[in-house]
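**Student:** Letter by letter, the chains look like this.
2 protein chains.
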Amino acid sequence: MAKPTRARLPTSEPLKMAPELEELIGYNLKRAYVVVQKDYRAALGDGGLSPRTFAALSLAVAYPNLTQSNLARMLGIERSGLVAIIDELERDGLLKRTTVPGDRRVQALVPLEAGIAAHRATLAKVKAHEDKLLEDLSDVEKETLIFLLRKIRRHETES
Amino acid sequence: MAKPTRARLPTSEPLKMAPELEELIGYNLKRAYVVVQKDYRAALGDGGLSPRTFAALSLAVAYPNLTQSNLARMLGIERSGLVAIIDELERDGLLKRTTVPGDRRVQALVPLEAGIAAHRATLAKVKAHEDKLLEDLSDVEKETLIFLLRKIRRHETES
DNA sequence: TATTGTTATACTCTATAACTATA
DNA sequence: TATAGTTATAGAGTATAACAATA
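Note that the protein sequences, when read in sequence, are chains A and B. With positions in the first sequence counted from 1, the corresponding number in this note's numbering is that position plus 166. With positions in the second sequence counted from 1, the corresponding number in this note's numbering is that position plus 166.
These aren't lab readings, by the way, just hints derived from the structure by calculation. Misleading hints may appear alongside valid ones.
Since copy identity is lost for identical chains, a pair holds within one copy or between any two.
Pairs of lysine-lysine, PhoX-like flavour, derived with a Cα cap of 20 Å [stated by the list, open to error]:
id, residue 1, residue 2
1, 291, 308
2, 317, 262
3, 204, 262
4, 293, 262
5, 317, 293
6, 204, 298
7, 291, 262
8, 291, 204
9, 204, 308
10, 298, 308
11, 317, 204
12, 298, 317
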């Protein structure tokens, strides 16, 4: 049976980390992601688009008449999970589902003027939040980080 | 009203990305995190410890007699959320809650032999999964990535 | 008054499976 | 048979608020 070998860490003591955990890419990725995500929410507030809704809108604006299935693929999520996101965007008047002549199964996504404006405005806020949060990273460091993250993203499942 | 300006993206066409999305750190962080997290689960299987449970065990092993409140702080989660994680670890015989003489409020976490062994075995599996998944990153690139992620992590809320 | 562990509760994000209407 | 959109459902993961015991 394992015996306690050290005294309990008092609350006042500065927080230590598990050394082997700190060397793992996955752990650092998760923790860093939480930092950025929390700051995003704080910066955009309650009325703002959530990260995933903003991502969906960005792609819908960049590729008008996109299919929901294609958008889900681009986002790396299931078709079923996209429904609520599109519901929200349509409810807010940012885009609309339209039927496509020639294939009555699909619902093409058409960005509306309000959606294009919301996208532009939100993008500016997101950029401002990242610039502020990451101001202690140089431009080269930010480029390097994105380059390395994209290298990991090459393993995204293509399904 | 916005008019469709391009033809619908056919399923066969290679997936495009929204350029401005691809330049955001947060978006790339999220997508890369999903890649690593999915590969972790695939590598460790159904019986394996989840990332958060492994992280909790790692810290409990590194700091015997740790308090639940301190552990929650280290993990960056709420005390309440840690309860289920410790329940799981205790149920699996990997650690035990023990009362501390001098403060009967706290439940010190004592790693058991099985817990130390499970930690060692899981760490080996996690390292193997990361080495395999990230084999296209050089050692310098991996070090750089961890360095940059830690720079972001400096903004972790100290609560 | 403040803190520790706990419970209850709810919300976000995501996945799986099954359905319908089309193709 | 296969695909697009949808619904129902469930499971992580996390947060907030409150509580009892203790400091």
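**Student:** With reference to the structure, classify each hint as holding or not holding.
**Tutor:** Hints versus structure:
{"no.": "1", "hint": "291 <-> 308", "verdict": "within (18 Å within a copy, 31 Å between copies)"}
{"no.": "2", "hint": "317 <-> 262", "verdict": "neither (35 Å within a copy, 41 Å between copies)"}
{"no.": "3", "hint": "204 <-> 262", "verdict": "neither (30 Å within a copy, 33 Å between copies)"}
{"no.": "4", "hint": "293 <-> 262", "verdict": "neither (26 Å within a copy, 46 Å between copies)"}
{"no.": "5", "hint": "317 <-> 293", "verdict": "between (22 Å within a copy, 18 Å between copies)"}
{"no.": "6", "hint": "204 <-> 298", "verdict": "within (13 Å within a copy, 30 Å between copies)"}
{"no.": "7", "hint": "291 <-> 262", "verdict": "neither (24 Å within a copy, 47 Å between copies)"}
{"no.": "8", "hint": "291 <-> 204", "verdict": "within (14 Å within a copy, 30 Å between copies)"}
{"no.": "9", "hint": "204 <-> 308", "verdict": "within (19 Å within a copy, 25 Å between copies)"}
{"no.": "10", "hint": "298 <-> 308", "verdict": "within (13 Å within a copy, 25 Å between copies)"}
{"no.": "11", "hint": "317 <-> 204", "verdict": "between (24 Å within a copy, 16 Å between copies)"}
{"no.": "12", "hint": "298 <-> 317", "verdict": "between (25 Å within a copy, 14 Å between copies)"}
In terms of the numbered hints stated before, the structure departs from hints 2, 3, 4, 7, listed from lowest to highest.
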